[in-house]
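There are 2 protein chains.
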Amino acid sequence: MGTQLTSRQKRMSVTNTAKGTRDFSKEQIEKRNYIFNHIRHTYEKYGYEPLETPTIENIETLTGKYGEEGDQLLFRVLRSGDFLKSLQDDDLRKDNLKGIRSAIVDKGLRYDLTIPFARFIAKNHGQLGLPYKRYQIQPVWRADRPARGRYREFFQCDGDVAGTTSLMSDAEFIPIVDEVFTALKLPKSVFKLNNRKVLAGLASSLSKKDALIDMTTAIDKLDKIGADGVNRELEQRGFAANDIKKIEDFIAIDGNNHDKIEHLKRLFEENSEGYAGAIELEEVLGYTEQIPLQNTEVVVDLSLARGLNYYTGTIYEVALKNVNMGSVASGGRYDNLTEAFGVKNVPGVGLSFGAERVYDVMEQLNLFPDHIGASVKVLVVNMNASYNPQYFKLAHELRSAGISAEIHLKDTKLGKQMKFAEKHNIQYVLIAGEEELKDGKYQLKDLISGEQRAMNLSTIIDQLKD
Amino acid sequence: MGTQLTSRQKRMSVTNTAKGTRDFSKEQIEKRNYIFNHIRHTYEKYGYEPLETPTIENIETLTGKYGEEGDQLLFRVLRSGDFLKSLQDDDLRKDNLKGIRSAIVDKGLRYDLTIPFARFIAKNHGQLGLPYKRYQIQPVWRADRPARGRYREFFQCDGDVAGTTSLMSDAEFIPIVDEVFTALKLPKSVFKLNNRKVLAGLASSLSKKDALIDMTTAIDKLDKIGADGVNRELEQRGFAANDIKKIEDFIAIDGNNHDKIEHLKRLFEENSEGYAGAIELEEVLGYTEQIPLQNTEVVVDLSLARGLNYYTGTIYEVALKNVNMGSVASGGRYDNLTEAFGVKNVPGVGLSFGAERVYDVMEQLNLFPDHIGASVKVLVVNMNASYNPQYFKLAHELRSAGISAEIHLKDTKLGKQMKFAEKHNIQYVLIAGEEELKDGKYQLKDLISGEQRAMNLSTIIDQLKD
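Chains A and B, in that order, are what the protein sequence lines are. Residue numbers for the first sequence follow the working numbering, beginning at 146 and rising by one. Residue numbers for the second sequence follow the working numbering, beginning at 146 and rising by one.
So that you can see chain A by itself, here it is in the shape it has in the complex (with noise of 0.2 Å):
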């Protein structure tokens, strides 16, 4: 008896949205296209062209991409048809399930938008011409456990510069994220940069070998575990006392910019991968203090790591101030984009919006606009069934003259109607009945400041038209 569901129940669990995917209706939509177009508009600004991926690619496309977790979280399509066409009766094991997965499956939905660009680029950078600047706006699909602001289906924001070693591309990111965030109306920000070259030589200086990837994922979790706790993790991965303290020593560096820069320069005055680290941190900020930045923040932040493997030059992570949400944008510079699809020495740039926590901090701060969307303007009363035709055409006229109209379809009462319009946000109604179709004189109420009065209808559209 416990276990048994309520019709309502039923209803429920039939009508639900896969676990961690939702429906997005008109108000979502339009907050949602509001913050794109604001970054699809800066991007163009830039020169960036956009682009769209297929959500299904080839398996082999996604696999090994995106190292071990990743793997596990790809969503995997069956191959269709007889799927176990290419499997005999004795593969078919249970203890066979990766064997037996690879044999079923032959694509997987899109991941990221960074491998997909990858693939593009080794496909067309032919015709395309390098240097090639994208931006590409489009859903990802993961099957993580979804939590509170973790869903399985969401979208990403990446902008990429492919084909170039300039950094002004990377410092270009700067300037785009204070544009964006500016006009956004989002609190101030701090862009935090660093440079992997910096902490490659760090690594190298240290006793431990191949140290870089132990070293940048303890620090990385500086943020969650403290000092203390990092040190803990480099002690448990097997650093010497002497090198947590060469560690510690770095990333207490203080000053401004400038200052932490020439400490590095001098810290690596013999170790020529961390000396070029600081001069490319050097020559990225010199780009940036050409320009004025209305909303920004640039920060060396020597403690920044990023967790990605694949970061060879310039790092970055966007916070805002006094805003509890982690970082809602990053990103930083890759050596080599295509090498796993074939095409040697493609270097590339990119920036990715957490354009979820960004949707969700404006929610929290209020600072979507009032009415974000366009509402219908104006609501036809159904005075009368009888009446239809003569509404139909009156709506038409209004549409025909670009006001956006509806025609309530019932001749129901007219409280109901007027429900009608406030629930879906019209500020007008024209009332219709017999006397005014004859007359062709119709009552328009305005129904924020209450006023109506009887109109011929190129008074109307005139009215409705400012």
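Warning: the hint list may mix true and false statements.
Stated by the list, open to error - Here are the computed lysine-lysine pairs in the BS3-like style, where the Cα-Cα straight-line distance is at most 25 Å:
1) B/Lys230 - A/Lys230
2) B/Lys164 - A/Lys230
3) B/Lys586 - B/Lys561
Since the hints were made in silico from the structure, they are not lab data.
Chain A is fixed; fit chain B onto it per the hints.
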């Protein structure tokens, strides 16, 4: 040796999109959005709200909704993690394809926009209030054999009204189609109109039991196989000779729209369903006669049957005159949208634009405007990389004034930089060497007119802003 791949073929294969899917870059996205924006704008003027549903749905939401063929064409998503969990080794047999499939799959890809809309209405009709008008422009996926013009991932553009029996809603799709196709400058179109009740009336007058579906399936092929072909098909489906004669006579009813309707009224004098269909046709026609249509001829077409069985009233298909493309929009009225999701008595009526076909026609007839998307306005030429900080500043000042700008990232030969501008459709180049940077007067060259003048930045901004 014959099967050895060249390195190019190997690269081709790893960079391919999945079968039947496509990448969309700038030009295609802008053309597609040109169509979508007209559809969107028109729907909104008629009071339709946007809706988006998830790409992945629980598999139970999809199976059994699209017939046997649809079930085969669904893309199915493998359960995450141990997908074999609920199976025993005994179940894992090649002859247990469907059993295994239903155990290892829990989600599927959106196959059309109607079923997700029905699920959404069943879930939310309480809060939404009915009638509810939505439009939805999203891709769908079908594991069809790809062919010219047929893809496995393609866009649908649907508008539906849920929760009304008012035939004004049916009639409204006529000016909607007229407005969209006029705006797109498409050739004149024929809006073919019929009513399922008329066909049901005819079927009930025949000697064959449950003749409706067999009859409409045969009639639906008239365009493809001709009148003789339809007769043969009817014979094969077990219709008697005098029934076939009746159907032939019915399809041959001619005259103008009102002649046809009067003929139907006489024919169905004693057949309430057929008569009701004739009256509905008359009402819909009556509405459209109230309004001027710019591009569309409305024709009562008694041979129009629409294959889908869920239509119960008005049905329609739109074809372009003198264009060999089949229907470019279609739809109809259905008595019950949401019954499969446990909510009864929600009638609806909808229209689907064949956006891919419209795109193809517009390409063929060269109907897209010449410069449909925005190009970058000005390229800052790179005379010497040592001036990069100044170029960075110049580009930023242009962008801050709302002018899209790019810096050429390398100080290559001028000719190469001009080719870059040409390829990216950039009209102006700004040239600044040592002299110009010192004086604050830059060479602005219009690549279309060939004109070149030295100007300060504010003059350049004024000129490029128009």
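Of the numbered hints stated earlier in the document, which are not met by this structure?
none
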